[in-house]
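A.B. asks: The chain contents come next:
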Amino acid sequence: MTMGSERATPRNRLAVAGARATTQAMLRDQPRGDVIRNTLFAALLLLAILIALAGLVALLIQAFAQGASALSIDLFTNGPSSIRPESAGFRPAIIGSLELIAGVILFVVPIGIGAALYLEEYADKTRWWNRLIEVNIQNLAAVPSIIYGILGLSFIVRGPLDLGFVLAAGSLTLALLVLPMVIIAAREAIRAVPDSIRQGSLALGATKWQTIRRQVLPASIPGIVTGVILAVSRALGEAAPLLLVGAAAFVTFDPEPFSGGYTALPVQIYNYATRSQEEFQALAAAGIIVMLVVLLAMNSFAIWLRNRYEQRW
Amino acid sequence: MAADESRAGTGREAREAAAERAAIAVRPEEFQHGSSSKREKVFELNGVEVLYSGVSAVKGIALDIHRNDVTALIGPSGCGKSTLLRCLNRMNDLIPGAEVRGELLYHGEDLYGPEVDPVQARKLIGMVFQKPNPFPKSIYDNVAFGPRILGRKEDLDATVERALRGAALWDEVKDRLDSNAFGLSGGQQQRLCIARCIAVEPDTILMDEPCSALDPISTGKIEDLMIELKEEFSIVIVTHNMQQAARVSDRTAFLMVELDADEDNRWGRLVEFDDTEKIFTNPSDQRTEDYVSGKVG
Chain L
1 MTMGSERATP RNRLAVAGAR ATTQAMLRDQ PRGDVIRNTL FAALLLLAIL
51 IALAGLVALL IQAFAQGASA LSIDLFTNGP SSIRPESAGF RPAIIGSLEL
101 IAGVILFVVP IGIGAALYLE EYADKTRWWN RLIEVNIQNL AAVPSIIYGI
151 LGLSFIVRGP LDLGFVLAAG SLTLALLVLP MVIIAAREAI RAVPDSIRQG
201 SLALGATKWQ TIRRQVLPAS IPGIVTGVIL AVSRALGEAA PLLLVGAAAF
251 VTFDPEPFSG GYTALPVQIY NYATRSQEEF QALAAAGIIV MLVVLLAMNS
301 FAIWLRNRYE QRW
Chain F
1001 MAADESRAGT GREAREAAAE RAAIAVRPEE FQHGSSSKRE KVFELNGVEV
1051 LYSGVSAVKG IALDIHRNDV TALIGPSGCG KSTLLRCLNR MNDLIPGAEV
1101 RGELLYHGED LYGPEVDPVQ ARKLIGMVFQ KPNPFPKSIY DNVAFGPRIL
1151 GRKEDLDATV ERALRGAALW DEVKDRLDSN AFGLSGGQQQ RLCIARCIAV
1201 EPDTILMDEP CSALDPISTG KIEDLMIELK EEFSIVIVTH NMQQAARVSD
1251 RTAFLMVELD ADEDNRWGRL VEFDDTEKIF TNPSDQRTED YVSGKVG
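Just so you know, the sequences run in chain order L and F. Positions 1 to 313 (my numbering) are the ones given, in order, by the first sequence. Positions 1001 to 1297 (my numbering) are the ones given, in order, by the second sequence.
So here's chain L without its partners, still in its complex pose (with noise of 0.2 Å):
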């Protein structure tokens, strides 16, 4: 008997055709309640995203009819005023700011990479005390800004480093404030450098430092300064701790790192949106869609930075 001849019996058609249908009927047949289920799940995921861009947008939507009218080159360059909301700008704020940003990357930088290289490259992390750093920098970066206020108003203003109310103090507390989150980033950029490089360097007679210097260090900058410019964005927005430092609401002069007033641009945002004249509410909201677009332009340059340079190893 061939394989051809059995093939064909009628017997063996129904047969074959019979299992052919049992099998469509497995794949087919989907239960009717897995399809709502499905559906309605991707249904609730999907709103939760649209929930949490729809903050975003409404304060876009806000700051923009709001301030549309009030957008204009007076915003940088001119000071404010109390009498003339229609010409008053956001100068010496925008300058403030940008003192006040260099003043934390000066500081930041320098400690929170010697920090995170320590933590990661030399702490025995078998020992206990150096697990209760770890920890407490993790709780740092919890801790509320305007307790970093109180923090650099007793000890930088006042007490022991004693400046004053001066745009360097002000600067001193957001470093403290974005030191942790700095660390925590530079902390996983080293770490994201694989062994076998450290090996490998250490293998051609390195000493530590050099494999440090010339491997590890060149190796995380890219995630380091990721880290740095999402730090800085996050100091550029605060205004809680700067009031408790000194940054005044009225500043008409561009303001000095160690003498005289000083002044940043959510602290004055904060200022003109306080007043009942509609013309200063305008004004309020251009000054969010500036710092909204410098914002927003910092983060897209880390993450643009994050994808170009990351290493894949």
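Incorrect hints may have been included.
Stated by the list, open to error - In silico DSS-like pairs for lysine-lysine, Cα to Cα no more than 25 Å straight-line:
| no. | chain 1 | residue 1 | chain 2 | residue 2 |
| --- | --- | --- | --- | --- |
| 1 | F | Lys1137 | L | Lys208 |
| 2 | L | Lys208 | F | Lys1123 |
| 3 | F | Lys1230 | F | Lys1123 |
Unchecked claim - One side of the interface only, derived from the structure: several residues of chain F facing chain L at Cβ under 7 Å:
| no. | residue |
| --- | --- |
| 4 | Lys1123 |
| 5 | Met1127 |
| 6 | Gly1146 |
| 7 | Val1200 |
Honestly, the hints are just simulated from the structure, not real lab data. Quantities reported herein were computed from a predicted structural model and do not represent experimental measurements. Ideal Cβ placement from N, Cα and C applies to all residues, glycine included.
Fit chain F to the known structure of chain L by using the hints.
C.D. replies: Relative to chain L, chain F alone:
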């Protein structure tokens, strides 16, 4: 140069002393070989034991590694081959809790002596790792890294070319020295790591399963390279591949896992150390024969 000479001088004295010791002490029979025992010894290990956090990983290792030999360490997983290899350039120092006991002489000097700087030792005893680990830099900078950190900056181009030629990679990369080393194939990356290693002009090269991540053609190239390199360097290679040990090495050490009575602890033990030909054709120990013939492991 002066330092080199003085090192060689004390090395010779120490070797003479070691020869006397060897004449007095009766060493295990399997370690005595007329032809090779007269040759210069790079490493002399006696009763070497390595412990991690107080637990032995290998015990009782006694073997001599000779100049311009390829010495292979073979044995099943967990027998401590890599651990032993990493003792030889003090890479084990980097593992917290690692400890080396026993006598480990390098050109007659105690490698673990109080005055020995592990960083200096690693300049003389290079290492190639299991997985190619080029630095995320250009091909040129990979090779130039060693000479640069050692302050040998004159004729850097010539040094790089010599090292790349030495690693049989020059012809493949000479037109793209500035491109990133990550763009090379796995086999090329491993030869780059060998070039990087020989650029610092070591005396010995340790290779920790250098071909286990490579395809057979790349493996063949690296094996050919090892045979060339032994003219200039002494090579110690850890390998899982017994054919590779048979092809490239002059001497082979076979290690095995040993268990204590209640099987709680395990450590590596040297079973046999001999000329490669003898290990693979006529081993003295039954366990070696079972392993190299594929009956176990």
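A.B. asks: Take the hints in turn and mark each one as holding or not.
C.D. replies: Each hint tested on the structure:
1. F:Lys1137 with L:Lys208: Holds, at about 19 Å.
2. L:Lys208 with F:Lys1123: holds, 14 Å
3. F:Lys1230 with F:Lys1123: The given pair, whose Cα atoms are some 18 Å apart, holds under the 25 Å limit.
4. Lys1123: This interface hint holds because 3 Å falls under the 7 Å limit.
5. Met1127: holds, 4 Å
6. Gly1146: holds, 4 Å
7. Val1200: The hint holds - Val1200 of chain F has a Cβ within 7 Å of chain L, the shortest such distance being about 6 Å.
When each numbered hint is compared with the structure, no violation occurs for any of them.
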